[in-house]
Amino acid sequence: MKTKRTLVLISFLLLSISIAAGLFWRGEPAPLEFTDIKGISIISPPVSLPDINLKDHNGKRITLDDFKGHWSMAFFGYTHCPDVCPTSLAVMKRVATKLRKEGQERDTHYLFVSLDPFRDTPEVLKEYITFFDPDFIGITGDKTEIDKLSERVGVIYDYEGDVRDEDFIVNHYAAILIIDPDARLRAHILPPHSVEKVSTAFNRIRDYYGD
Amino acid sequence: MPVRQQIAIIATTLLLSFNSYAATEVVVENAWVRTAPPSARVLAAYMDITNHSGQPRYLISASSPQFKSVELHQTSMNDGMMHMTPVDAVTLEKGKTIHIEPGGYHFMLMGPKQRIHRGDKITLKLGFKNGEAVTVEADVKDSRDEPGQTASHQHHH
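So the sequence lines, in the order shown, correspond to chains A and B. Residue 166 in the numbering used here is what sits at position 166 of the first sequence, and the numbering runs on without skipping anything. Residue 78 in the numbering used here is what sits at position 78 of the second sequence, and the numbering runs on without skipping anything.
Possibly wrong hints are sitting among the right ones.
[Said to hold, decoys possible] Here are the simulated BS3-like pairs of lysine-lysine, each with C-alpha atoms no more than 30 Å apart in a straight line:
hint: 1; chain 1: A; residue 1: K38; chain 2: A; residue 2: K55
hint: 2; chain 1: A; residue 1: K98; chain 2: A; residue 2: K68
hint: 3; chain 1: A; residue 1: K101; chain 2: B; residue 2: K141
hint: 4; chain 1: B; residue 1: K129; chain 2: B; residue 2: K96
hint: 5; chain 1: B; residue 1: K141; chain 2: A; residue 2: K93
hint: 6; chain 1: A; residue 1: K98; chain 2: B; residue 2: K68
hint: 7; chain 1: A; residue 1: K55; chain 2: A; residue 2: K148
hint: 8; chain 1: A; residue 1: K68; chain 2: A; residue 2: K38
hint: 9; chain 1: B; residue 1: K121; chain 2: B; residue 2: K96
hint: 10; chain 1: B; residue 1: K121; chain 2: A; residue 2: K126
hint: 11; chain 1: A; residue 1: K93; chain 2: A; residue 2: K38
hint: 12; chain 1: A; residue 1: K93; chain 2: B; residue 2: K113
hint: 13; chain 1: A; residue 1: K126; chain 2: B; residue 2: K125
hint: 14; chain 1: B; residue 1: K68; chain 2: B; residue 2: K125
hint: 15; chain 1: A; residue 1: K126; chain 2: B; residue 2: K129
hint: 16; chain 1: A; residue 1: K126; chain 2: B; residue 2: K68
hint: 17; chain 1: B; residue 1: K121; chain 2: A; residue 2: K93
hint: 18; chain 1: A; residue 1: K93; chain 2: A; residue 2: K55
hint: 19; chain 1: B; residue 1: K141; chain 2: B; residue 2: K68
hint: 20; chain 1: A; residue 1: K38; chain 2: A; residue 2: K60
These aren't lab readings, by the way, just hints derived from the structure by calculation.
Construct the entire structure; sequences and hints are all you get.
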C-alpha cells in the first residue's frame with residue numbers, strides 16, 4: 001500500500017515538473033518539413049545573427065536590433081548583377097505585393113544585402129532597391145561586417161576579376177533567407193524562386209514557428 | 001537617276017529578297033531586356049532562338065549600338081551558389097529552340113551609351129559562325145510575362 005502511494009506521488013511530481021518545464025522553457029520544436037516543395041532548407045535549431053554594424057540605403061546604421069520584432073526576408077547579391085539578383089528581387093517584390101493584398105505581410109522587412117561594398121555605396125543601393133520597391137531595404141557597409149553576417153548565415157561568395165576594375169563579377173549563394181523576430185536564421189529558400197514557392201514557404205514557416 | 005544609284009537600289013532589292021528567304025532559317029522571338037534602375041551599368045537580354053535550317057548553327061557574337069559591349073553568359077547553380085560564366089558559342093541544333101532566359105543563358109549588355117527606360121527598344125545584332133547575322137529589336141520591360149508587349153521584330157542583313 002505504501003509503495004503504491006509512493007508511486008502515485010512520484011508520477012505526480014514528474015508530471016508537475018514536465019508541465020513547469022513546458023511553461024517556462026520553450027524547446028525547439030521538431031524541424032518543419034516540406035514534402036511538397038523542393039529547395040526549402042529549415043535551420044533547426046535556428047542560428048542567431050551576429051552583432052553587426054552596417055548601413056541601410058539611406059546611410060542609417062543597421063545593427064542586430066533592427067532584425068528584432070518582425071520577420072525578414074533577405075537576399076544577398078550586388079547591384080551590377082544582371083541576371084540572378086533582378087530575377088530573385090522581382091520575385092520578392094511580387095511576394096510582398098501578394099502578402100500585402102492578402103493582409104498577411106505582418107511588418108515583414110525585405111532586405112537586399114550587398115556583397116559588393118566596392119561599388120555598392122548607400123547611394124547606388126538606394127537607386128537600385130527603390131526601383132524594385134520603395135519599402136525594400138538595401139544594406140551595405142565594411143566588407144568585414146558584411147562577411148561577419150554572410151559567414152554566419154551561410155552565404156558564400158567570391159569575386160571574379162579585379163575589384164579595382166569596374167567590371168568584376170560576384171559569384172554568390174542565391175537563396176532567400178528567412179529570419180525570425182528574434183533575429184535568428186530560420187530557413188534558406190533555394191533558387192529557382194517562384195512567387196508561389198517563396199510565399200507558401202514563408203507563410204508556413206511563420207505559422208509553424210510563430211511570431 | 002544616276003546609274004550608280006540605280007545599281008545600288010537593284011543591289012539592295014536583291015539583297016533584301018535574298019535575306020527574306022534566309023530569314024526563315026534562324027528565327028528570334030520574344031526578345032526582351034529587363035528594366036533596371038536608370039543608372040544601371042549592366043542589363044540582361046533574353047529571347048528564344050529557333051534554328052529552322054537543316055544544319056546546326058553556332059551563335060558566336062552579339063553587339064548593340066546602344067551598349068559598349070555585349071557578352072553571352074551562362075548562369076549555373078552549384079549547391080545554391082550562382083556562377084556566371086562567359087560563353088564562347090551556343091550551338092543551335094537543327095529544328096530546335098534555345099531559350100535564353102533568366103537563370104540560364106543571358107546576353108549581358110554592358111556600358112549603356114544612354115539611360116535605358118521601360119518601353120525603349122534595344123537593337124541587338126547576333127553573329128553566327130557561318131557569317132550570318134540576325135538583327136533583333138528587344139523591348140525593355142519588367143518581365144517576360146508583362147502584358148501588352150509581346151511581339152519582337154527581327155530582320156536579316
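Status of the hints after comparison with the structure:
no. : hint               : result
1   : A:K38 with A:K55   : violated (34 Å)
2   : A:K98 with A:K68   : holds (23 Å)
3   : A:K101 with B:K141 : holds (23 Å)
4   : B:K129 with B:K96  : holds (17 Å)
5   : B:K141 with A:K93  : holds (15 Å)
6   : A:K98 with B:K68   : violated (38 Å)
7   : A:K55 with A:K148  : holds (14 Å)
8   : A:K68 with A:K38   : holds (28 Å)
9   : B:K121 with B:K96  : holds (27 Å)
10  : B:K121 with A:K126 : holds (26 Å)
11  : A:K93 with A:K38   : holds (21 Å)
12  : A:K93 with B:K113  : holds (28 Å)
13  : A:K126 with B:K125 : violated (33 Å)
14  : B:K68 with B:K125  : holds (13 Å)
15  : A:K126 with B:K129 : violated (42 Å)
16  : A:K126 with B:K68  : holds (25 Å)
17  : B:K121 with A:K93  : holds (25 Å)
18  : A:K93 with A:K55   : holds (21 Å)
19  : B:K141 with B:K68  : holds (21 Å)
20  : A:K38 with A:K60   : violated (37 Å)
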